[in-house]
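Chains D and W, in that order, give the protein sequences. With my numbering applied, the first sequence corresponds to residues 244 to 635, in that order. With my numbering applied, the second sequence corresponds to residues 307 to 663, in that order.
Think of the hints as simulated: they come from the structure by calculation, not from any bench. All residues carry an ideal CB built from backbone N, CA and C; glycine is no exception. Among the clues, some could well be false.
For each label pair, taking beta carbons as the anchor points, the in silico distance ranges come out as [stated by the list, open to error]: (1) D355/W with Q300/D: 49 to 59 Å; (2) R537/W with T282/D: 24 to 34 Å; (3) G652/W with E305/D: 37 to 47 Å; (4) R273/D with R370/W: 22 to 32 Å; (5) D355/W with G632/D: 51 to 61 Å; (6) H493/D with A395/W: 48 to 58 Å; (7) R370/W with D367/D: 55 to 65 Å; (8) G632/D with R396/W: 49 to 59 Å.
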Amino acid sequence: MNRADILITGMGAVSAAGIGLAETLDSFARVQRNAGSVTLFPTVTDCPVFEVKHVPQEYALEGQRTLSLALIALDQALAEARIDDLSGCRVGVCLGTTVASQLNDLQFYTSYRQQDFTSLLAVDRYLKGNISAYIARRIKARGPVLTVVNACSSGTDAIGVALSWLKSDLCDIVIAGGADELNHIPYCGFGSLGIVNPGLCAPFDRDRKGLNLGEGAGIMVIEKKNSAQRRGVSSDLFLGGYGSLSDAYHLTAPSPDGAGLKASLRAALAEAGIAPRDVAFVNAHGTGTFDNDQVEGKVLEEIFGSELKMLSTKGYTGHTLGAAGGLEAVFTAAGLREGWIPASAGFLNQDESIPLAPIREKTLISGRYAVSTSLAFGGNNAAIVIGRGATE
Amino acid sequence: MKILGTGIIFTRGQGIGVLENSLRSGWVKPAEMDVPRTEGNTRPVYQVDLDAVQDRSLLKKLRRADKLSKMSVLAAADALADSGIADIARKKIGIILATAFGAQVTTFDFLDGILDYGDAAVSPTTFSNSVHNAAASYVSSSLNIRGPTLTVTQFRFSFQSALQLAQTWLEQGRCDYLLAGAVDQYGDVLGYIAEQKLTAAQDGRIKPFVFNPTCQVPGEGALFFLLGNDRTDSAYCSIDSVSTSGDPDCGKPVDINLIDADGMLPDESAYLSALSPDTLTTAYAPIFGSMMIGGAFNLATAALMLKQQTHYAAPVLDNPHALLLLSETGPAHIGSIRSIGCNCFGEKSVVYLSKLT
Numbered sequence: 244m245n246r247a248d249i250l251i252t253g254m255g256a257v258s259a260a261g262i263g264l265a266e267t268l269d270s271f272a273r274v275q276r277n278a279g280s281v282t283l284f285p286t287v288t289d290c291p292v293f294e295v296k297h298v299p300q301e302y303a304l305e306g307q308r309t310l311s312l313a314l315i316a317l318d319q320a321l322a323e324a325r326i327d328d329l330s331g332c333r334v335g336v337c338l339g340t341t342v343a344s345q346l347n348d349l350q351f352y353t354s355y356r357q358q359d360f361t362s363l364l365a366v367d368r369y370l371k372g373n374i375s376a377y378i379a380r381r382i383k384a385r386g387p388v389l390t391v392v393n394a395c396s397s398g399t400d401a402i403g404v405a406l407s408w409l410k411s412d413l414c415d416i417v418i419a420g421g422a423d424e425l426n427h428i429p430y431c432g433f434g435s436l437g438i439v440n441p442g443l444c445a446p447f448d449r450d451r452k453g454l455n456l457g458e459g460a461g462i463m464v465i466e467k468k469n470s471a472q473r474r475g476v477s478s479d480l481f482l483g484g485y486g487s488l489s490d491a492y493h494l495t496a497p498s499p500d501g502a503g504l505k506a507s508l509r510a511a512l513a514e515a516g517i518a519p520r521d522v523a524f525v526n527a528h529g530t531g532t533f534d535n536d537q538v539e540g541k542v543l544e545e546i547f548g549s550e551l552k553m554l555s556t557k558g559y560t561g562h563t564l565g566a567a568g569g570l571e572a573v574f575t576a577a578g579l580r581e582g583w584i585p586a587s588a589g590f591l592n593q594d595e596s597i598p599l600a601p602i603r604e605k606t607l608i609s610g611r612y613a614v615s616t617s618l619a620f621g622g623n624n625a626a627i628v629i630g631r632g633a634t635e
Numbered sequence: 307m308k309i310l311g312t313g314i315i316f317t318r319g320q321g322i323g324v325l326e327n328s329l330r331s332g333w334v335k336p337a338e339m340d341v342p343r344t345e346g347n348t349r350p351v352y353q354v355d356l357d358a359v360q361d362r363s364l365l366k367k368l369r370r371a372d373k374l375s376k377m378s379v380l381a382a383a384d385a386l387a388d389s390g391i392a393d394i395a396r397k398k399i400g401i402i403l404a405t406a407f408g409a410q411v412t413t414f415d416f417l418d419g420i421l422d423y424g425d426a427a428v429s430p431t432t433f434s435n436s437v438h439n440a441a442a443s444y445v446s447s448s449l450n451i452r453g454p455t456l457t458v459t460q461f462r463f464s465f466q467s468a469l470q471l472a473q474t475w476l477e478q479g480r481c482d483y484l485l486a487g488a489v490d491q492y493g494d495v496l497g498y499i500a501e502q503k504l505t506a507a508q509d510g511r512i513k514p515f516v517f518n519p520t521c522q523v524p525g526e527g528a529l530f531f532l533l534g535n536d537r538t539d540s541a542y543c544s545i546d547s548v549s550t551s552g553d554p555d556c557g558k559p560v561d562i563n564l565i566d567a568d569g570m571l572p573d574e575s576a577y578l579s580a581l582s583p584d585t586l587t588t589a590y591a592p593i594f595g596s597m598m599i600g601g602a603f604n605l606a607t608a609a610l611m612l613k614q615q616t617h618y619a620a621p622v623l624d625n626p627h628a629l630l631l632l633s634e635t636g637p638a639h640i641g642s643i644r645s646i647g648c649n650c651f652g653e654k655s656v657v658y659l660s661k662l663t
């Protein structure tokens, strides 16, 4: 299989930055950061979050906000890929999430603890709401189905799984990416870890004080070139490589030497058959936490050099956990296609301990390849290479 | 793809030797345990007793980990050791861990923290252990495995999906060996939900061949296979194909049909359509308990049968449909086994295993 034979034929994105890519890119161009107080659940703490303010009524699913967000992005991606009938196609679904995989409904559990009559509605929703299986049934996909629950790298890993499935000919098309809603439980959990910024996040900035949580979904239609050709569809974008390696270090902290991230980047570049100098820009994980940004910045400089164009889009979306890898893959592909990437929102002052600074303003790019990285709880590191010029 | 090593921890103990002894000795009534909010307040549960683990060296490294993670690490370490591959720890190993419910017991502990102490006073340790991929992370860090590490969930087909992906990773050289595992933990809330939605077997006997009405007895445990493409002296069998969307090879003759029926569906009659009156049928849920990931434990039994060329009798033989059941334990010639799973949507997963030649 040629290295440019796995095409990205459709993309969808929903986050606080916008519903759909056009709205998102507009927010990026204007460096508009749509953060605010939590409105989705009651809480006594007040840290800014990036909520999706309007879920269209046709997508609203009671108690299943993650699925609602995924369906919005899915429809955008299918429309761009010009897919309306999947009969006869071998289609897989692989999506990443964190919240939708957990039976953590606070109302149900409160009722259970109080020994009230406990409605099992939340349990039923959970059992029927495995995100990949739900979407596979909805679009009548007849192929492999898998939900990746690798914490913050879930979306990137899901896209990597898609690449493996297609290369092994398990299917011709994969719906891949990630989705997560803003949820009370991780909101408290990240707060307990002391890594939530009481103000707006500032990835890679000297004075960064932590992350802001967000929500959203980023979904791609990833497809073998011959499948797209059969359908009469073409795309200039392709998925070139994936690397995923573990730090084997700590449950919540990245390895200080970034060994897993380095190995992931090298594996992804090797699969794409390119050298670091071929990469036009990196959309970094860049959460705005002290440890993540320090390790990631050092590793990116070590591999790509100090002239690398690098950014974090979490300044526009917050950290969307299981959705992050999906959203950032979409943003990376859009950057290649549009020929520009936005300012790394929130960055003001370089941290002297990080030998690389993200871009401060909208920047034109001209290369053929870009990389998106994810680092996660548990020491997971994942990187993907996206290419432009599949038709050349 | 071949199964090169197996590690297991379940209600009867830890290790492949315990599994073999359990299969030979047959069904044993599981212990009764307190199940809050049920009539009589006790139920049989196939629970794992970590206090009975003899080698405590790994557990000492896992003091902050929950039971789910501890079971995972123990089973993964055993799978590596069981493979007998020299210097296995130095090889490029990946991990794919499948779970239906993840760290739900720890998650409910965390919810207790929110409800008892408020949003701003919850435990960071409990939160970080409640994340779905914590168990795989402990496997990676405890055993110093630095390959790709993934946690996946697909309820009934979680492990089968993991095997399907494992096959592609090995094919593509993403790793040389792969630890594919399944883990789930029993907890009060899950027990309550099972009690509400399904019929509990008051006598502790799961009857896998009755199909309707069904009865379940909750179980827990962890199972890991070390998978690779090269044959070794102690390898178990070959995994020829895996499908989670029906059986593309349904006409293929096999020696044994192994079904995942365990009472986790109110009606399991869908299994009947996959069985043949001329082919031996078996099921081992009464050894392990009812679990969404129960198929993994059945596959371990299938692998052992193929390696040892031994039939293990189905532990509970209630047979209202007059199936040709595997009813006696003893030496046998077994070439291939089809493992079949069904979920509540009427979908089927199928794994074909064969003897190494």
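So, going through the hints one by one against the coordinates:
1. D355/W with Q300/D: 49 to 59 Å: Holds, since D355/W and Q300/D (Cβ atoms, about 52 Å apart) stay within the stated range.
2. R537/W with T282/D: 24 to 34 Å: violated (59 Å)
3. G652/W with E305/D: 37 to 47 Å: violated (25 Å)
4. R273/D with R370/W: 22 to 32 Å: violated (45 Å)
5. D355/W with G632/D: 51 to 61 Å: holds (59 Å)
6. H493/D with A395/W: 48 to 58 Å: violated (19 Å)
7. R370/W with D367/D: 55 to 65 Å: violated (34 Å)
8. G632/D with R396/W: 49 to 59 Å: 40 Å Cβ-Cβ, so the 49 to 59 Å window is violated.
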